[in-house]
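Each chain, letter by letter, is given below.
2 protein chains.
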Amino acid sequence: MKVRVSIDVMLKDGILDPQGKTVEQSLPSLGYDGVEGVRIGKHIEMVVEGDSIESVRAEVEEMTQRFLSNPVIEDAVVTIEGDLGE
Amino acid sequence: MKVRVSIDVMLKDGILDPQGKTVEQSLPSLGYDGVEGVRIGKHIEMVVEGDSIESVRAEVEEMTQRFLSNPVIEDAVVTIEGDLGE
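Here the protein sequences come in this chain order: A and B.
The first sequence lines up with residues -2 to 83 when you count with the numbering used here.
The second sequence lines up with residues -2 to 83 when you count with the numbering used here.
Bound conformation, chain A alone (with noise of 0.2 Å):
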C-alpha cells in the first residue's frame, strides 16, 4: 500500500526562531495587527510504500528523528494524510 504522509517539523519553544519574529515584527507596518507567536518551519509531504499504516509511521518517524529534523532543537510531527490504495 502506498501512503501520504506529512511532517511538520519547527523548533522546539524558547528556541529563538528568527525568521518567525522578522515576519511577526514586520506585519503590523504592513496592516495586520494583532499577529503574535510567528513561528515558521519545514512542512514535507512525501508518499511512503509499506506493509501497513503502523509500519510506514514507525519507518517516516525514524527517518525524521535521524535524517529530515535536528531533535536536539527542533520538533517533528508525524500526520498520516491517507491511504491511497495502491
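Keep in mind that the hints were calculated from the coordinates and are not lab data.
There may be inaccurate statements among the hints.
Copies of the same chain look alike in the list, so a pair counts if it fits in one copy or across any two.
To be verified - Within a straight-line C-alpha distance of at most 27 Å, the following computed DSSO-like cross-link-like pairs (lysine-lysine) qualify:
(1) Lys39 - Lys9
(2) Lys(-1) - Lys9
(3) Lys18 - Lys(-1)
All values derive from a computational prediction rather than experimental measurement.
With chain A held as given, fit chain B onto it using these hints.
For chain B alone, kept in the frame of chain A given last:
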C-alpha cells in the same frame, strides 16, 4: 478572541522542488526504500486576535496571499487550529 492558525506553503504541483528531490534521492542510500513524491515547503504557526474565526481566517488568507507566499509558484493552505478563548 485569540485563534491559533497554521499555514502550509508548498510549491505548486509541476514546479520543480530541488530540496525535495535531493531528499528523495538520498533516502535509498540511507536505507529507506519506497519513498516518492517528496515535497518540502514551509509550515507557519501564529496566534491571531480577531472578532470571529471567520474574520481571522479572512485576515490570514489575505496576508498569506500578499506576503507569506508567492501565489505565482506556491499554494497555501490556512488551517484554524483552535480558539484560545482569550
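Evaluation of the provided hints:
In this assembly of identical chains, Lys39 and Lys9 lie within 27 Å of each other by CA distance both inside one copy and across copies; the values are 13 Å within and 16 Å between. In this homomeric assembly, Lys(-1) and Lys9 come within 27 Å of each other (Cα to Cα) only across copies, at 22 Å, whereas the closest approach inside a single copy is 31 Å. Proximity of Lys18 to Lys(-1) under the C-alpha cut-off of 27 Å is restricted to the inter-copy arrangement: shortest distance 19 Å between copies versus 38 Å within a copy.
The structure shown violates none of the earlier numbered hints.
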